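*Asks:* As they're listed, the protein sequences go chains A and B.
All the letters of the first sequence, read from the start, carry residue numbers 1 to 467 under our numbering.
All the letters of the second sequence, read from the start, carry residue numbers 1 to 467 under our numbering.
Bear in mind the hints are in silico, worked out from the structure with no lab data behind them.
Watch out, some of these pointers could steer you wrong.
Stated by the list, open to error - Subject to a maximum C-alpha distance of 20 Å in a straight line, what follows is the list of computed EDC-like cross-link-like pairs (lysine to aspartate or glutamate):
#1 Lys-458(B) <-> Glu-108(B)
#2 Lys-132(A) <-> Glu-133(B)
#3 Lys-132(B) <-> Glu-133(A)
#4 Lys-129(A) <-> Glu-133(B)
Just so you know, these numbers come straight off a predicted model, no measurement behind them.
Number of protein chains: 2
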Amino acid sequence: MFSFTLSLDPRGRTPMYDQLYAAIAEAIRDGALRHGEKLPSKRALCAQLGVSRATVETAYELLLAEGYVESRPRSGYYAAEYQGQGTAPAGVLGLTSTFVPERKESAEAALLSTSAVDVSLFPYASWAKLYKEVVYNSPELLQRGEPQGEPALRAALERLLGEYRGVSCAPEQVVVGSGMETLMDQLVTLFGPEAVYAMEDPGYPAMERKLLARGRALRYLPMDGSGMDAEALERSGATVAYLTPSHQFPLGITMPASRRSQLLRWAVGGERWIIEDDYDSEFRYGGRPISSMQGMDRHGRVIYTGTFSRSLAPAIRLAYMVLPAALLPRWQALYGRQQPTVSRYEQTVMARFLAEGCYGRYLRRVGKRYADRRAALLAALETIPDLRVSGADGGIHFLVTLPRHSEAELLRRAAAAGLPLRGLSEFCRVTTPPPSTLILGYGGLPTERVSEVAARLKAAWDSEASH
Amino acid sequence: MFSFTLSLDPRGRTPMYDQLYAAIAEAIRDGALRHGEKLPSKRALCAQLGVSRATVETAYELLLAEGYVESRPRSGYYAAEYQGQGTAPAGVLGLTSTFVPERKESAEAALLSTSAVDVSLFPYASWAKLYKEVVYNSPELLQRGEPQGEPALRAALERLLGEYRGVSCAPEQVVVGSGMETLMDQLVTLFGPEAVYAMEDPGYPAMERKLLARGRALRYLPMDGSGMDAEALERSGATVAYLTPSHQFPLGITMPASRRSQLLRWAVGGERWIIEDDYDSEFRYGGRPISSMQGMDRHGRVIYTGTFSRSLAPAIRLAYMVLPAALLPRWQALYGRQQPTVSRYEQTVMARFLAEGCYGRYLRRVGKRYADRRAALLAALETIPDLRVSGADGGIHFLVTLPRHSEAELLRRAAAAGLPLRGLSEFCRVTTPPPSTLILGYGGLPTERVSEVAARLKAAWDSEASH
Chain A
1 MFSFTLSLDP RGRTPMYDQL YAAIAEAIRD GALRHGEKLP SKRALCAQLG
51 VSRATVETAY ELLLAEGYVE SRPRSGYYAA EYQGQGTAPA GVLGLTSTFV
101 PERKESAEAA LLSTSAVDVS LFPYASWAKL YKEVVYNSPE LLQRGEPQGE
151 PALRAALERL LGEYRGVSCA PEQVVVGSGM ETLMDQLVTL FGPEAVYAME
201 DPGYPAMERK LLARGRALRY LPMDGSGMDA EALERSGATV AYLTPSHQFP
251 LGITMPASRR SQLLRWAVGG ERWIIEDDYD SEFRYGGRPI SSMQGMDRHG
301 RVIYTGTFSR SLAPAIRLAY MVLPAALLPR WQALYGRQQP TVSRYEQTVM
351 ARFLAEGCYG RYLRRVGKRY ADRRAALLAA LETIPDLRVS GADGGIHFLV
401 TLPRHSEAEL LRRAAAAGLP LRGLSEFCRV TTPPPSTLIL GYGGLPTERV
451 SEVAARLKAA WDSEASH
Chain B
1 MFSFTLSLDP RGRTPMYDQL YAAIAEAIRD GALRHGEKLP SKRALCAQLG
51 VSRATVETAY ELLLAEGYVE SRPRSGYYAA EYQGQGTAPA GVLGLTSTFV
101 PERKESAEAA LLSTSAVDVS LFPYASWAKL YKEVVYNSPE LLQRGEPQGE
151 PALRAALERL LGEYRGVSCA PEQVVVGSGM ETLMDQLVTL FGPEAVYAME
201 DPGYPAMERK LLARGRALRY LPMDGSGMDA EALERSGATV AYLTPSHQFP
251 LGITMPASRR SQLLRWAVGG ERWIIEDDYD SEFRYGGRPI SSMQGMDRHG
301 RVIYTGTFSR SLAPAIRLAY MVLPAALLPR WQALYGRQQP TVSRYEQTVM
351 ARFLAEGCYG RYLRRVGKRY ADRRAALLAA LETIPDLRVS GADGGIHFLV
401 TLPRHSEAEL LRRAAAAGLP LRGLSEFCRV TTPPPSTLIL GYGGLPTERV
451 SEVAARLKAA WDSEASH
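Using the sequences provided together with the hints, build the complete structure.
*Replies:* Right under this line is the structure:
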């Protein structure tokens, strides 16, 4: 029935629909299933493979959503034209699922990923010890907790953010949530369906996906060397600006104080708000450290947000935001009667982890490690002639520009050398991307592999022959 | 300036705006501030009390939202007419915040609360031991996890739900989230803004609040002795029915199989879905145990949901849902690239807690305790002449009806005896509430206090004198 062999493993860890999806997708990528070739009917495939109809339906829906197959009314499913170079075709606005490829990302492929972080210094012993103490000594934590989060954690966050980021707030303005996405969802609900969002372009795709999924209006605003343009923002009609001023994602720009002031003035000019996503401000290597926009805000228009997922470990589902006093009643009306989205145990462990200085010590150690790694990587990349680095003052990623090849060619050669990277154009919606520019993350790059990885990139990009 | 004394404690644990709100609300309830009396201007109050403008603004917004004060344009704030009997005035459709009074609910007031659960049997030792083992032995858990939840946990849930609730699914249909509210938010997003929700009336206010907050259309459908009326549902134009068939909240009805079939047929008749909230099905005392609607569903129209917050402890932020295969691609498109909302550590602890039989043993112990307590409470209430009990076959609450007084009088007398209760009318939107009916929860009622509490209720309701 198929022109290739399907082999599924009902006892495998991967769900059957997923195996079926992956097998057909691969066949289309490989050319084993050619453009226009008809796929078996769902019923026939169920019978042939001995799987449930739901399995086949889910696999086909995924293939359809990702553009691998086309559906023709009253006829069936056909292999779509496939023009990829080993990557899945992009879904509409990046909204459709690519969870399958992502889940299978190998450690090798994560070497230069922007989302990887170094967890080898994670303080297992203190964390486990604190957790045990908390469970044994705090039976009251089993009962309902405060919707905004444990008072002890909010007080510790208020001190931490005041000290490290110049955030000025009271603990009662702090809200704890199970990751940035949870807090973003709350903000999107809080601002209501009429809000119009301004996004940095290029910008952070997770926030874009969230807004599109919730059906919100958004405006992509171009960036200059200082960040989002305040006049363009004024003209855009946006009511909420989502900004990453500390280390713009993906450009790595640190927004200067003058631009921050301009954007704050925009917010004061109406019922307007700024979401300041301070996602990786814990790591800073050069330039003047600039404290948060929230700390400059005298009119209560900035919602400050941050997370422990990048500074500690992706699996720590604990993020926080600081709400202006004027938004508190609205938040409380929406969420003030539901339980916090983070376990009170883990909240209390984190509160003690902060209050007892464990986090400060940990940040110094891991910050030192990232600084060493960044210095080594920058030094190694200097051996590549004409290569320009930007956005390297903070965080755990920067940009490289190498004018000798196109972005696509740079990506192709890096991938062929086993070092998949991401190009800047992938993050641009209305802006023409700067040519030949890639994003390098080093959170997942072991320091001992820096020189080898840099040498592989150099070799891949050096050779003149174009394939 | 005020006709009563305001005393705030800047060093207290309660935020200043909250203290201010509470003091003014109390003054209005007590009559110290009379209807029509003007409140000081915000500016004057800041100066008088030496607090920030934000503090005063937040306090006034809360008072306004809860109906304690009225705002007159270009004039100021005035005390509203207060008709309460010791309780806060109900906000519009229950949406406005009452977090402040709830937070201060005393242990005594929680004795008969429907949301309290008995945590005295919580297995601290196994939980802490498992957590420690997981942290020390699973460094890989610090990295990004599967968006739907840990495979081990989903497999354990599939087995648990199959065994206890007759749920028929594959682990890849299971989604884990940080509490029911998180999963409800996901479902509301997944079904989109055009969905029309059918709610049981009387029904579960948290779901109603969620839908109203998200601006969704909802229809309140009356209940008969078997649950939601299928014909009324058909006529309502709803596309999603939210049901609590195992132990309806608040009526306590166990929906018979025939009604379940009717409602399932409704769902098959179009692009329609049933959310089955199986929130306290772990506890069952009489009548035939009926397995889940999901288990009866042959067409994949039921989303099954459940939580550990009621069976284990409110602070355990771990709930789960089983999605029909047809909804999985939609869920994955929306959430398949974001991290799960529950820490991988706590997910893994729960997976082992289930797989190693700890949960089954725990459920038997706590189920036995609830059964004893329920029997004792029912026996003690039998001494109250004319009192009728209903909805007591499962869960940890039931209804009592006592025709000799009105609902308001029953509530007033119970509250005067230090036993605040909730009346059924509070949960009715379009339905005329059955007269003289109250809800008694016993999750928070220590067994040794059952006879004393029942005696206090009897005494309160016995006396003829009406106050």
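*Asks:* Looking back at the hints listed earlier, which ones does the structure fail to meet?
*Replies:* Those not satisfied: there are none.
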